[in-house]
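Novice: We have chain A; now place chain B onto it with these hints.
So the protein lines, in turn, are chains A and B. Going by the numbering used here, the residue at position 51 of the first sequence is 51; the numbering climbs one at a time, nothing skipped. Going by the numbering used here, the residue at position 20 of the second sequence is 20; the numbering climbs one at a time, nothing skipped.
There's no promise every hint is true.
[Unchecked claim] Computed spacing ranges between beta-carbons, pair by pair: (1) A:C152 / B:E37: 28 to 38 angstroms; (2) A:S153 / B:Q44: 52 to 62 angstroms; (3) A:E123 / B:S60: 29 to 39 angstroms; (4) A:E123 / B:I47: 17 to 27 angstroms; (5) A:S74 / B:A55: 25 to 35 angstroms; (6) A:Q9 / B:L81: 40 to 50 angstroms; (7) A:P29 / B:L81: 56 to 66 angstroms; (8) A:E54 / B:A84: 44 to 54 angstroms; (9) A:P29 / B:G72: 41 to 51 angstroms.
[Said to hold, decoys possible] The list that follows gives simulated cross-link-like pairs (lysine to any residue, SDA-like), each with its CA atoms no further than 20 angstroms apart: (10) A:K27 / B:S40; (11) A:K16 / A:R61; (12) A:K158 / B:S17; (13) A:K166 / B:Q30; (14) A:K166 / A:Q124.
[Said to hold, decoys possible] Partner residues are not named here, just some residues of chain A that face chain B (Cβ under 8 angstroms, in silico): (15) L7; (16) K16; (17) A20; (18) L33; (19) G115; (20) A137; (21) L168.
Since the hints were derived computationally from the structure, they do not count as laboratory data. The C-beta atom is built at its ideal place from N, Cα and C for all residues, glycine as well.
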Amino acid sequence: MTHAVELNQFLAGVEKRAYAIAVMSVKNPEDALDIVQDVMMTLASKYAAKPSTEWPPIFYRILRNRITDHHRLSVRHRRWFGWLTPHTEEDNPLENSPGHRQYEPEQKHRAVSNGVRLVEAIEQLPARQREAFVFRAWEGLDVKGTARVMGCSEGSVKTHYSRAVKSLRAQLGDLVYD
Amino acid sequence: MTEKSDATHDQADQVLSAAEQQWTDHAVRQLHRREVELPSDIQQRLISMRRDAVAALEYSEHNGWNWKLPLGGLATAGAVLFAALLLLRGPVPELPVLEGIDSIMAVEIANDVELLEDLEFVAWMLALEEAETQRQPASG
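With the rest of the complex left out, here is chain A:
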């Protein structure tokens, strides 16, 4: 199998998840698409020659770095140009937290069934816990791979992951059971 075919298969398997992770982190679909495109091109141009078994941690490591870069740029932009942008109600993190968002009964059922509440709860996790949950549980990387992506020790991954699950379970309880 050529590299191109293998890469196509790999990207087809991770692109939607990568987009969902990016959107969860940067909260903007266009920015998330830009990030995913950049990650795909970087993997294809610089790391495609590596064995395909190494692609998942490399791909998510690049994704994580791009998301971090995006946050750094946003902070810098806000620091210099923040006074130009008027604050909106959406900027209030308390208003947007899962506990504060009010759903009508029908909305609530839809939100639960399509995982909206779950995603909102993941978004509210501290960054390291969110990363541990996303890469370990959602992407299914093992502890070693998650540690490579997050740039920390395996023990640290286990701690963050365990805390993330406990926190999500405490917030959502049985809502994930359908």
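Specialist: For chain B alone, kept in the frame of chain A given last:
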């Protein structure tokens, strides 16, 4: 993906209780369902991005040697030409070795024209003095 997720939760990695693991598996299933339900325009753009990335890889795989080959050829030709020039030049003439002056000093002195001229002058003075001392006993 769920199978992979389940498979990777081996004993060595286990940090969750059975109930937590069961809860997480359900949560992950919900997340995977959300992936499939992405808006179609987003899905199309992702497919297009993937094609671009694969095309970039294919292009570099097929055309990567096109610019490297001439460069490699040029470098080899240059090296061969340089070696041939060295061989054709023949042996490098050796610098004259002065008595009591090692080669490094000789090179340093040669670089300093003024010093060389001074040395020539001193040598001329010494030769003149020697000639005079030889003449004096003859005349005396």
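Novice: If a hint holds in the structure, say so; if it does not, say that too.
Specialist: Each hint tested on the structure:
1. C152 (chain A) and E37 (chain B) have their C-beta atoms about 32 angstroms apart, which keeps the hinted 28 to 38 angstroms range intact.
2. Between S153 (chain A) and Q44 (chain B) the beta carbons are some 40 angstroms apart, a value that contradicts the proposed interval 52 to 62 angstroms.
3. At roughly 37 angstroms, the beta carbons of E123 (chain A) and S60 (chain B) sit within the given window of 29 to 39 angstroms.
4. Look at E123 (chain A) against I47 (chain B): about 26 angstroms separates their beta carbons, and that is inside 17 to 27 angstroms.
5. Evaluation of the 25 to 35 angstroms hint for S74 (chain A) and A55 (chain B) yields a pass: the beta carbon distance comes to about 31 angstroms.
6. A hinted range of 40 to 50 angstroms holds for the C-beta pair Q9 (chain A) and L81 (chain B), which are about 48 angstroms apart.
7. Roughly 58 angstroms separates the CB atoms of P29 (chain A) and L81 (chain B), a value that falls within the hinted 56 to 66 angstroms.
8. At about 46 angstroms, the CB distance of E54 (chain A) to A84 (chain B) agrees with the hint of 44 to 54 angstroms.
9. Taking 41 to 51 angstroms as the suggested C-beta distance range, the pair P29 (chain A) and G72 (chain B) conforms, at roughly 46 angstroms.
10. This hinted pair checks out: K27 (chain A) and S40 (chain B) have alpha carbons roughly 19 angstroms apart, not beyond 20 angstroms.
11. At roughly 16 angstroms between alpha-carbon atoms, K16 (chain A) and R61 (chain A) fall within 20 angstroms of each other, so this suggested pair holds.
12. Between K158 (chain A) and S17 (chain B) the CA atoms are separated by roughly 13 angstroms; this keeps the pair inside 20 angstroms, and the hint holds.
13. Between K166 (chain A) and Q30 (chain B) the CA atoms are separated by roughly 17 angstroms; this keeps the pair inside 20 angstroms, and the hint holds.
14. Simply put, K166 (chain A) and Q124 (chain A) have alpha-carbon atoms about 14 angstroms apart, close enough for the 20 angstroms limit, and the pair holds.
15. With 8 angstroms as the threshold, the beta carbon of L7 (chain A) comes within range of chain B, its nearest partner Cβ sitting at about 6 angstroms, so the hint holds.
16. Interface restraint check: K16 (chain A) against chain B, minimum CB-CB distance 4 angstroms, threshold 8 angstroms, status holds.
17. Taking 8 angstroms as the C-beta contact cut-off toward chain B, the hint placing A20 (chain A) at the interface holds, the least distance being around 6 angstroms.
18. The beta carbon of L33 (chain A) is positioned within 8 angstroms of a beta carbon in chain B (closest approach about 6 angstroms), and the interface hint is therefore held.
19. For G115 (chain A), the interface hint holds, the least distance from its beta-carbon to any beta-carbon of chain B being 4 angstroms, beneath 8 angstroms.
20. With a cut of 8 angstroms, the hint placing A137 (chain A) at the interface with chain B holds, because the nearest CB-to-CB distance is about 5 angstroms.
21. Interface restraint check: L168 (chain A) against chain B, minimum CB-CB distance 7 angstroms, threshold 8 angstroms, status holds.
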